[in-house]
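Peer 1: Here's the letter readout for the chains.
Number of protein chains: 2
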Amino acid sequence: MNKQQNILIIGAGLCGSLLALRLGQRGYNVTVMEMRQDLRKVDISAGRSINLAFSDRGNKAMKLVGIEDKVKALCIPMNGRMLHDREGNTMLSNYSGRDHEYINSISRGELNGLLLTEAEKHENVKIHFNKKCKSVDFEKTTALFKDYESNTEFVEDADLIIATDGAGSAMRKSYYLGKKFLFSFSQDYLTHGYKELSILPTETGDYKTYKNALHIWPRGDFMVIALPNLDGSFTVTLFLSFNQGEYNFNNLTTPEKVTEFFQKEFPDALELMPNLVEDFFSNPTAPLGTVKCSPWHYKGNTLLMGDSAHAIVPFYGQGMNASFEDVVEFDKVLDQNLDNWEAVFETYEANRKKDTDAIADLAIDNFHEMKSHVANPIFQEKRKIEMALEQNFPDEYSSKYSLVTFNENVTYRDAMLKGRAQDKAILNMLSDGTLKTDDDLKSILEKVKQETEAILEDDRIAGLK
Amino acid sequence: MNKQQNILIIGAGLCGSLLALRLGQRGYNVTVMEMRQDLRKVDISAGRSINLAFSDRGNKAMKLVGIEDKVKALCIPMNGRMLHDREGNTMLSNYSGRDHEYINSISRGELNGLLLTEAEKHENVKIHFNKKCKSVDFEKTTALFKDYESNTEFVEDADLIIATDGAGSAMRKSYYLGKKFLFSFSQDYLTHGYKELSILPTETGDYKTYKNALHIWPRGDFMVIALPNLDGSFTVTLFLSFNQGEYNFNNLTTPEKVTEFFQKEFPDALELMPNLVEDFFSNPTAPLGTVKCSPWHYKGNTLLMGDSAHAIVPFYGQGMNASFEDVVEFDKVLDQNLDNWEAVFETYEANRKKDTDAIADLAIDNFHEMKSHVANPIFQEKRKIEMALEQNFPDEYSSKYSLVTFNENVTYRDAMLKGRAQDKAILNMLSDGTLKTDDDLKSILEKVKQETEAILEDDRIAGLK
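Which chain is which? The protein sequence lines are A and B, in order.
Per full-length UniProt numbering, the first sequence runs over residues 1 to 465.
Per full-length UniProt numbering, the second sequence runs over residues 1 to 465.
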């Protein structure tokens with residue numbers, strides 16, 4: 001495709017700024033419009049998660065654009081989950097039996113800023129802030145913006161438009177309301193919402209609890225998690241039902257009740273959070289939703305990418321990684337030198353949608369796993385077996401979590417199919433006594449492989465996914 | 001709840017008119033607003049399916065309101081599927097091994113007219129036509145209507161509003177656009193659309209092909225079906241991709257091409273359809289969509305019911321039956337004498353949604369089964385075994401189809417779980433040789449039962465549905 005064409009990107013969040021950088025590197029004329037202020041100049045974190053889990057799929061994208069080392073400097077490795085029970089006992093459960101496999105906590109703002117700076121190094125990339133997209137005319141390939149600085153509206157014309165404007169995408173809304181083509185669309189909310197809290201550093205700037213872990217306080221129907229920040233603090237998130245159970249967001253309306261809830265359920269966390277009540281009442285409660293849609297593109301004119309095409313819940317730590325992987329996959333299609341943008345968009349969606357659907361479903365599975373299964377004996381037994389398999393047969397076994405998180409060359413869909421079958425195989429063999437934790441490890445490996453393959457084969461024959 | 005309250009029902013289609021009848025019988029003051037003309041006076045079938053499959057769940061509702069016999073007079077029994085191959089060979093495959101289990105073809109218009117007439121016999125029920133709902137204010141419990149007769153708009157106030165206004169529900173749209181609460185919503189289109197055609201009666205008014213079957217011409221990626229009407233005609237439906245494959249709705253643009261397509265794929269049907277080309281170009285091509293949403297109600301003010309809450313694709317012949325069953329289930333909740341409408345609506349949705357989700361998924365499964373599996377050898381072997389089991393052990397075995405269609409006291413969800421497990425058990429045992437069609441039937445039954453239970457148990461342990 002002609003490099004002189006003008007590409008308009010709507011949204012300079014994580015996905016949009018990476019896409020701008022990559023298309024800039026490829027020589028396209030890129031204009032980016034972002035509704036927010038430049039986050040390198042103003043703190044605008046309010047309402048969005050402060051830190052995120054960064055792992056191998058995201059890193060593959062960083063390698064593609066050549067900034068792996070710069071990103072690494074922003075990362076805090078988290079080797080495993082540290083589970084906290086009601087008595088304050090902790091247990092560290094590594095994410096993998098292979099030492100080099102871990103996830104990272106990273107600041108959304110720092111990473112986004114880095115991507116913007118790298119993108120702007122290309123003179124064929126222009127980024128404009130305070131320009132909010134209101135709608136897209138996908139027939140004419142134009143977008144209507146409101147300029148928050150001049151308080152005026154203007155129309156931007158482009159040869160193609162890629163919307164990376166997040167879960168509430170204006171372009172996706174134009175697809176939906178336009179009714180010009182059959183647009184499949186879903187928004188699904190969990191019964192739970194979330195609220196961000198914090199564990200501040202000690203007076204000397206140290207971490208108040210173990211730094212290199214993702215902390216989890218699983219309580220069955222609700223949970224608290226915490227991820228470390230570079231400044232010694234942790235960003236804490238409470239996941240809780242809006243209106244079910246003894247304590248819920250609707251009835252936690254007084255400082256006393258909030259403190260009572262934490263005292264009862266998370267006493268060791270409460271000790272680290274003298275600022276709990278203040279955080280609780282000054283931070284918003286936000287919903288947790290999954291968005292899927294199709295088609296992502298209209299002819300060769302417009303394309304949805306990142307959260308605008310597939311917003312997911314945060315429980316697999318894959319939201320950002322999936323959006324970054326979008327750019328890698330899109331880049332691969334560009335390498336095919338297809339005839340026109342319509343063919344590029346079609347090929348990209350045909351390759352990619354099955355995988356973003358899979359990670360959306362996996363993320364919901366993990367919501368249930370994190371809340372309750374991690375504290376469930378049979379799941380813990382499974383986890384122990386999997387850790388041992390990964391340690392002893394590093395080239396032969398990867399758990400579902402490892403397949404999703406550390407195997408960037410296995411697609412999300414393949415990771416889901418194989419990972420679910422493995423889980424089912426181990427749980428069922430543990431349950432019926434075919435497998436015992438003290439069996440010879442090599443024989444466990446063979447049994448798990450065999451049973452996994454049998455489960456996959458049975459599903460294939462029955463015409464199931 | 002106070003019987004003096006005014007209940008407004010939006011939409012007098014199959015679900016709305018049955019609901020009006022039932023609430024009328026229970027003594028409520030009911031006002032029904034319908035956007036169309038009175039179909040007892042004008043033929044307004046255009047664009048909607050002319051006949052429908054009516055089976056035991058629907059009949060349960062007819063029994064509830066006491067009009068089973070009147071409905072029976074409108075029914076044409078269809079004992080099975082008559083499969084037509086490309087050479088015009090036919091094979092009749094009964095729906096059940098039990099003779100008293102069959103489905104019926106029924107005219108949408110006749111049945112709807114009967115329900116309207118029965119409802120209007122109650123003086124506490126008033127039905128108004130030509131009143132189109134434009135939006136609902138679910139906080140105030142009012143609805144805005146356009147009166148097509150006077151061309152004016154008016155607001156109707158009610159104590160509660162139940163919207164039975166179909167897949168394109170105005171009230172559901174108000175829920176979605178209102179953004180007053182977290183509204184999960186999906187619309188999913190198949191890649192295929194449909195077009196209605198017809199086989200007219202012979203000159204003497206007889207049926208041109210076998211009357212008591214649902215005819216299917218399965219062709220893998222597309223299919224034609226035909227259901228009989230009382231006047232000797234059949235309503236024929238072509239299900240075809242919009243834009244994939246050698247022949248599709250987008251490229252069937254000339255009489256020559258349409259005739260060529262039918263000549264090649266459905267020659268025996270073409271012989272019965274001299275009117276094919278005329279039908280093809282005068283009838284619309286319509287999409288096939290599934291709609292799910294939640295919550296169905298807002299407080300105790302408003303409730304979605306029937307297609308407005310759960311539109312499904314037609315491949316299980318359960319759309320109308322599911323909507324009729326809604327009324328039966330709603331009626332059961334009314335029998336509980338709960339304190340207020342909010343409790344009624346909540347209980348109804350908690351009981352019912354899992355089942356309408358299940359039939360939506362089953363209907364999509366059946367799209368694939370009807371197109372291709374019915375002509376697939378291993379699926380045909382399974383079908384033969386199941387027929388033999390149903391004939392020989394009528395009290396011990398029911399296929400998935402029987403569970404869904406003829407077992408109105410098994411919920412859709414239970415029918416789905418058990419039916420899918422049975423299918424998987426039989427297909428896998430046929431495939432690996434554990435089961436042979438000439439095995440002793442009693443031993444087949446035991447194996448199928450045992451394997452089905454094992455599959456369900458494995459899924460339970462793995463925490464799968």
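No wet-lab data here; the hints were simulated from the structure.
Here the structure is a predicted model, which is why all the values come from computation and not from measurement.
Be careful, since some hints might not be right.
List time: in silico BS3-like cross-link candidates among lysine-lysine, alpha-carbon distance up to 30 angstroms [to be verified]:
#1 A:K121 <-> A:K134
#2 A:K292 <-> B:K418
#3 A:K179 <-> B:K173
#4 A:K179 <-> B:K179
#5 B:K179 <-> A:K292
#6 B:K371 <-> A:K292
#7 B:K332 <-> A:K140
#8 B:K447 <-> A:K173
#9 B:K72 <-> B:K436
#10 A:K195 <-> A:K41
#11 B:K418 <-> B:K173
#12 A:K146 <-> B:K173
Peer 1: Give a verdict on every hint.
Peer 2: Do the hints match the structure? See the list:
| no. | hint | result |
| --- | --- | --- |
| 1 | A:K121 <-> A:K134 | holds, 28 angstroms |
| 2 | A:K292 <-> B:K418 | holds, 29 angstroms |
| 3 | A:K179 <-> B:K173 | holds, 14 angstroms |
| 4 | A:K179 <-> B:K179 | holds, 20 angstroms |
| 5 | B:K179 <-> A:K292 | holds, 19 angstroms |
| 6 | B:K371 <-> A:K292 | holds, 26 angstroms |
| 7 | B:K332 <-> A:K140 | violated, 54 angstroms |
| 8 | B:K447 <-> A:K173 | violated, 52 angstroms |
| 9 | B:K72 <-> B:K436 | violated, 40 angstroms |
| 10 | A:K195 <-> A:K41 | holds, 25 angstroms |
| 11 | B:K418 <-> B:K173 | violated, 35 angstroms |
| 12 | A:K146 <-> B:K173 | holds, 27 angstroms |
Taken one by one, the earlier hints fail for this structure at numbers 7, 8, 9, 11, listed in ascending order.
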